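Colleague: Here is what each chain is made of, one letter per residue.
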Amino acid sequence: MKYIIIGNSTAAVGAVEGIRSIDKKGDIDLFSSEEYHTYSRPLISYLLCGKTDMEKMKYRPDDFYVKNNVKTHFSLPVEKIDALNKTIYAGGETFSYDKLMVACGSRPFIPPAEGLSDINYYTFGSLNDALKLQDNINKESKVLIVGAGLIGLKCAEGIFGKVKSITIVDMTDRVLSSVLDKEASDIVKEHLKKYDFNFYLSRFVKKYSPNTATLDDDTVIPFDVLIIAVGVRPNIELVKDAAGKTERGIWVDERGETSLKDVYAAGDCVMSYDITTDSERILALLPNAYSGGYNAGVNMAGGNEKNDCCMPMNSIGFMGLHIITAGSLVGQKIIDYNGGYKKLVVKDGCLNGFILVGNVERAGIYTRLIREKIPLISLDFDKLKIHPCLASFNENERQRILGEEV
Amino acid sequence: MINYINPQYEVERDADRCIKCRVCERQCANLVHLYNEEADKMISYSEKCVCCHRCVSLCPTRALKIVKSNNTFKENANWSDQAMREIYIQAESGGVLLSSMGNPQPFPVYWDKMLINASQVTNPSIDPLREPMETKVYLGKKAEETVRDENGNLVCNTPVQLELSTPIMFSAMSYGSISYNAHASLARAAKELKIYYNTGEGGLHEDFYEFGANTIVQVASGRFGVYKDYLEAGAAIEIKMGQGAKPGIGGHLPGEKIVGDVSKTRMIPKGTDAISPAPHHDIYSIEDLRQLVYSLKEATAYKKPVIVKIAAVHNVAAIASGIARSGADIIAIDGFRGGTGAAPTRIRNEVGIPIELALASVDQRLREEGIRNEVSLVVGGSIRNSGDIVKAIALGADAVYIASGALIAMGCHLCRSCHTGKCNWGIATQIPELVKRLNPDVASRRLVNLISAWTHEIKEMMGGMGINSIEALRGNRLMLRGIGLTDKELKILGIKHAGE
Amino acid sequence: MKRVYADEKWCLGCKLCEYNCAFANTNQPDMAVALKNTEIVPRIKVEETGKINFAVSCRHCKNPICIQSCITGALYKENGVVMMDKNKCVNCLTCVLVCPYGAIVEDSGGSVFKCELCIKNICKEPACVKGCPNKALLFEER
Chain A
1 MKYIIIGNST
11 AAVGAVEGIR
21 SIDKKGDIDL
31 FSSEEYHTYS
41 RPLISYLLCG
51 KTDMEKMKYR
61 PDDFYVKNNV
71 KTHFSLPVEK
81 IDALNKTIYA
91 GGETFSYDKL
101 MVACGSRPFI
111 PPAEGLSDIN
121 YYTFGSLNDA
131 LKLQDNINKE
141 SKVLIVGAGL
151 IGLKCAEGIF
161 GKVKSITIVD
171 MTDRVLSSVL
181 DKEASDIVKE
191 HLKKYDFNFY
201 LSRFVKKYSP
211 NTATLDDDTV
221 IPFDVLIIAV
231 GVRPNIELVK
241 DAAGKTERGI
251 WVDERGETSL
261 KDVYAAGDCV
271 MSYDITTDSE
281 RILALLPNAY
291 SGGYNAGVNM
301 AGGNEKNDCC
311 MPMNSIGFMG
321 LHIITAGSLV
331 GQKIIDYNGG
341 YKKLVVKDGC
351 LNGFILVGNV
361 ERAGIYTRLI
371 REKIPLISLD
381 FDKLKIHPCL
391 ASFNENERQR
401 ILGEEV
Chain B
1001 MINYINPQYE
1011 VERDADRCIK
1021 CRVCERQCAN
1031 LVHLYNEEAD
1041 KMISYSEKCV
1051 CCHRCVSLCP
1061 TRALKIVKSN
1071 NTFKENANWS
1081 DQAMREIYIQ
1091 AESGGVLLSS
1101 MGNPQPFPVY
1111 WDKMLINASQ
1121 VTNPSIDPLR
1131 EPMETKVYLG
1141 KKAEETVRDE
1151 NGNLVCNTPV
1161 QLELSTPIMF
1171 SAMSYGSISY
1181 NAHASLARAA
1191 KELKIYYNTG
1201 EGGLHEDFYE
1211 FGANTIVQVA
1221 SGRFGVYKDY
1231 LEAGAAIEIK
1241 MGQGAKPGIG
1251 GHLPGEKIVG
1261 DVSKTRMIPK
1271 GTDAISPAPH
1281 HDIYSIEDLR
1291 QLVYSLKEAT
1301 AYKKPVIVKI
1311 AAVHNVAAIA
1321 SGIARSGADI
1331 IAIDGFRGGT
1341 GAAPTRIRNE
1351 VGIPIELALA
1361 SVDQRLREEG
1371 IRNEVSLVVG
1381 GSIRNSGDIV
1391 KAIALGADAV
1401 YIASGALIAM
1411 GCHLCRSCHT
1421 GKCNWGIATQ
1431 IPELVKRLNP
1441 DVASRRLVNL
1451 ISAWTHEIKE
1461 MMGGMGINSI
1471 EALRGNRLML
1481 RGIGLTDKEL
1491 KILGIKHAGE
Chain C
2001 MKRVYADEKW
2011 CLGCKLCEYN
2021 CAFANTNQPD
2031 MAVALKNTEI
2041 VPRIKVEETG
2051 KINFAVSCRH
2061 CKNPICIQSC
2071 ITGALYKENG
2081 VVMMDKNKCV
2091 NCLTCVLVCP
2101 YGAIVEDSGG
2111 SVFKCELCIK
2121 NICKEPACVK
2131 GCPNKALLFE
2141 ER
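Chains as they are written, first to last, in the numbering used here: chain A, 1 to 406; chain B, 1001 to 1500; chain C, 2001 to 2142.
Warning: the hint list may mix true and false statements.
Pairs of lysine to any residue, SDA-like flavour, derived with a Cα cap of 25 Å [as the list claims (entries may be wrong)]:
hint, chain 1, residue 1, chain 2, residue 2
1, C, LYS2086, A, GLU17
2, C, LYS2130, B, PRO1159
3, A, LYS24, C, LYS2086
4, C, LYS2009, B, CYS1018
5, C, LYS2135, B, LYS1041
6, A, LYS383, C, TYR2005
7, B, LYS1228, B, PRO1159
8, C, LYS2009, A, LEU379
9, C, LYS2135, B, ASN1449
10, C, LYS2051, B, ASN1006
11, C, LYS2130, C, VAL2033
12, B, LYS1041, B, ASN1006
13, A, LYS58, C, LYS2086
14, C, LYS2130, B, ASN1006
15, A, LYS67, C, TYR2005
16, A, LYS51, A, LYS206
What the hints contain is simulated information worked out from the structure, not anything from laboratory work.
This structure is a prediction, so every number in the text was calculated from the model and none was measured.
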C-alpha cells in the first residue's frame, strides 16, 4: 500500500499515527511546503514570549519519521492532484498513491482595504510568520493588530513586554467574538486592559498608509508594525481543482474521505459535522485536526473509524486568565459566578455548550456531557452546576466509568 | 448540673509534624478533632476522646498520640480515680454504669502463672517444619466402645462431630452488636481456615447462609432470629445459657440499633428494644435443658451437634456435669474476662470466675464422673495468644473460643466504648458510614493471618514437648507447671509447681 | 494493563490518597517536612456525594483524548501509561478541556500534571493505593 500525505502538521501527524496503528509496512510519503520538522502551530505565540523554543515546539520527537517509516519531502509544495490516475504533482515530479491524505490546513485571510497592498504587514499563522515578526519588533515598536480573535490576542500576548505598545482593532463589539458572549468577553477585555493593551472595538480600518491606519470614525492610529489577524481561510484548492466537492472547506464524509475516491482530508481545510449545532462547519481546532487525521489514517489503512463527536472547543489563556469554551451557545442559559464566570447552555435536556472564565478546573467533565449527550435528568445537575464532578453521575454510571477499563 | 468528670485522655499533637490534612477530623466519629479555619489550626477536644486510636493509626505523619491525662484527684489508695469517676457519672445520670469488652480489673491471669514444658535429651522434640504435626480436632460426643459387626468390621458409631483444622473458633457475637462487615469478615475467615464462627443471638443475615458449613447458630433466651432454616443453616447449634462478661443477666440491644437488616435478621420490628431475658423461661432444671437440646436435635434430624454455653461461675463443675448428662455434645465455658458489646459495669467487673480455674475443675469433675467423653469442652473468655491456647488444651479443653482477639485482629483497639455504637473501626456499630470502614477483604485477611500464625506457634510448642498431635496434648497437665501459685490454686488447676 | 480502580463501596473519604499522592510526588523522605504549610495539589481527587465518596485519577484510557488534543506533544503514552513531559507543556489546558474524568490538574508552576502511576517518583507503585486504609483503591488488571 502506498500512502501520500500532503501536509506536516497536526492532521498529517494524526494520519501517520492512524495508518501505522494498522499498517506497519506500507510506504508513506509526506509532502510539506515548509522546511521544518513537524511543529505545533498554536505554539508560535509561546515561542515569541519565550515559553517554548524551537526544540520544544516539535510536535513529535526527532525520530518520529524514522520510527514511523515516513519518507519526508520538505519544502516541496504539492501543485496538483490527479484523482483519476491516483497521482500528485510536486516540484515537476509525479508521485502515485493508493490512498491520499490532504491535510494542507489554512492560510491567513487578508480583507481588502485601501492602501494595504502598498505597505508592509505581517500575518500570524506559521513558524516563519512568527520568526519574521520576531526579527522586526523591538522595545520601541508600536504594534497594531487587526483582529481581536484567538490569533490576534495570542499574538498580542506573545509580543507583550517586547514592544512599546499594542493596539488592537476589531470590527465586532468584543474580543474573542467567535467563542465568547459579551459578558465573558468584557471580563477578558478588562483583564487585558490591565496590561495596557489598547482596544478599538466596533471599528475597522478604512485606510492604511505607511505607519498609520485610519479607522472608520477617522481615528488615526500610528504604528511601526502591522499584524493582520482577522481569520483564516481553508486551503481547498488542491481538492477543488481535482473536481472534489468543496464548500467553504473541503467536504468529507464521517470517515474523512472526500468526494474523490481514496482521497481523504482532515484538519483546518475540511468541514466537520458539529454535533452541537447540527451543521457542517469548519472547526479549525487542534484536537479536531488530530482526531480527524488519525481516524482518516485508520480508514486509509482499512480500518473503520468515524468522526462523530466533533464540536467547537477552545482552551486559551491570556496573561494568566484561563478561558475554556465548548459547544454552542444556542439554548437555555444557566449562569453562575462561582469563582469566575460560568455559563452553561442546555438544549433538549442535554448540556450543549459552556463558557468558563477563570476557574476552569475539571472542565472536561462538562465537555463529556456535551460529547456523549448525557441527559441531565439522569444526573445531579444542581451539584454539577457548581462544580464539574463525577459524583453528580448516578451510581451505575459511576461504577461503569470508574470500574472498567476505558 | 456541673460536669465533674475530667477527660481521661489527652490528644497530643506534634505541631511540627501536623500538616493539617484533617484525616483525623474526618475519621473521628466522636468529633474530637476539628479544624479551626480562623486559627488555621487543628483543635482537639480531648474530653470526647475514647482512646480508640483511629486517628493515631491513620495520621499520615504520625503527628498524634493519645496520653493518659495527668490531671489528678488527691491521691487516695482507697478512693481511686476510677471509683470517684463512677460515682460522679451515676450521681449525674442516676443510671446503671455500662461498660464494654472484657473485665479490665487487675485480677490474676492464671495463664500467666503457668509455664509449658519442653523435651530435652530423653524424649526428643519434633521439628514441625520437617515432620507432620496434627492440629485437627473433632468436637462432639465420643463413642463409648469400639463395636464390630459379625464379620469383624468396625461399625461406625461415632456421633456427629464438628471438624476443626485448628482448635480455635470465633465465639458468639451477634449481628447488631457487631456490624455486617464484621460478620462477613468472620464468616469468610472461618471458611478459609476450615473452622467456625458463631452468629450470637442476632439471627443469621440472609447473605451469610452460604457460609453455613462454617457457622454455629445460637439459640439464646430471646430466641431472636430462630426458625427452621436458621437451625438447618449452621453446622452446629449453640444454646446460650450465660455469658462470661455478664453471668446471670440477659441482654439488651437498644431500639436505636434495631435498624434495617438487623431488625429483619432478628425478626423483630424496627426500633423495638431487643431484650434477652436473664434466664430461658422454659429452662429451670437440667431436665428442661435436656428438652431444649433434644427439641433442637429433633428439628435438625440429629445431624448437628448441640453446644451449651455457660458462664464460668462458682459451681461450674456441677453445672457442667449436669449439662453433660442433658444430651449436649459440647460444653462451652466463658470466663469472667470474656468480652461484651455492653454490660452493666458492676456485673462485668465483679461476677464470675477465671476460666483457667473453671476449665480445670470441670475437666476434673467430668473425668471423675466418667463422662468426659460424653462431651467436648470449649473455653473462652480472653484467650490472648497461642500460649494461652496450648495451656487451655493441656488443662483439658478440646478447643478455644476467641472473640476479643478476633476483633483486635480486625482493628479493635479495646477502647471499650462499644455501647456507644460509634465504633470508629466499623466493628461495633450500625452507622453505615462507620460500618464501611471495615472492608472484609482486609479484615478477613487479618483474621486468617492471625489464626494461621497461632497455629504455627501451637505446632512449635507441641513439637517442643515432643507431641505431634493436639489430641495428645489435651488434658496433659504434666506439660504445665505453676509459678507463684498457692497450693490451693495448684490443686484446683491440677498442676505441679515449677521445679517440682 | 494494571490501573488504579476506585471502589466507592469502601471509600471513607479520608483523603489519605490525596496526601500520599502529593507526598510521593515531592520525592522527599518525610511527609511532615514535604507537605508542611503547603496547599497540596494532588493527582487524585476524592469526590463526595451525600455519604458516598470515591477517588478519581487518570484512567489511562486506551485511546486517550488528552494525548490526541495536546497541542505540544507533552502528553504521551509509554507502555500504556499516559505520561506528561512537564518541560514541553505550556499550560494551555486543552487537556483539562477534554479529559472526561477531570483528572488533569493545573499546577502553580505553569504546567499541568496528572497521575503517572508513580512510575517517575520514588514510590514506584501507586502511593494512593499503597496508603489506602480500606482497599477502596486497587491497582490491578481488569
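Colleague: Now look at each hint and say whether the structure bears it out.
Modeller: Each hint, compared with the structure:
Our distance criterion of 25 Å between C-alpha atoms is met by C/LYS2086 and A/GLU17, whose separation comes to about 23 Å. Pair hint C/LYS2130 plus B/PRO1159 does not hold up; C-alpha atoms about 50 Å apart against a cutoff of 25 Å. With a C-alpha separation of about 30 Å, the suggested pair A/LYS24 and C/LYS2086 falls outside the 25 Å cut-off, and the hint is violated. Only pairs whose Cα atoms come within 25 Å are accepted, and C/LYS2009 paired with B/CYS1018 is rejected, the gap being roughly 29 Å.
For the hint pairing C/LYS2135 with B/LYS1041, the CA-to-CA distance comes to about 30 Å; that exceeds 25 Å, so the pair is violated. For the hint linking A/LYS383 to C/TYR2005, the alpha-carbon distance of about 24 Å falls within 25 Å, and the restraint holds. At roughly 22 Å between alpha-carbon atoms, B/LYS1228 and B/PRO1159 fall within 25 Å of each other, so this suggested pair holds. The suggested pairing of C/LYS2009 with A/LEU379 holds, with an alpha-carbon distance near 19 Å, which does not exceed 25 Å.
At most 25 Å may separate the alpha-carbon atoms for a hinted pair to count; C/LYS2135 and B/ASN1449 meet this at roughly 17 Å. Restraint check for C/LYS2051 and B/ASN1006: the C-alpha separation of about 34 Å exceeds 25 Å, so the hint is violated. With a C-alpha separation of about 20 Å, the suggested pair C/LYS2130 and C/VAL2033 falls inside the 25 Å cut-off, and the hint holds. Simply put, B/LYS1041 and B/ASN1006 have alpha-carbon atoms about 24 Å apart, close enough for the 25 Å limit, and the pair holds.
Annotation: proposed proximity of A/LYS58 to C/LYS2086 holds, straight-line Cα distance about 14 Å (limit 25 Å). Straight-line distance between C-alpha atoms of C/LYS2130 and B/ASN1006 comes to about 39 Å, which puts the hinted pair past the 25 Å bound. This hinted pair does not check out: A/LYS67 and C/TYR2005 have alpha carbons roughly 33 Å apart, beyond 25 Å. Annotation: proposed proximity of A/LYS51 to A/LYS206 is violated, straight-line Cα distance about 35 Å (limit 25 Å).
The structure shown violates the earlier hints numbered 2, 3, 4, 5, 10, 14, 15 and 16.
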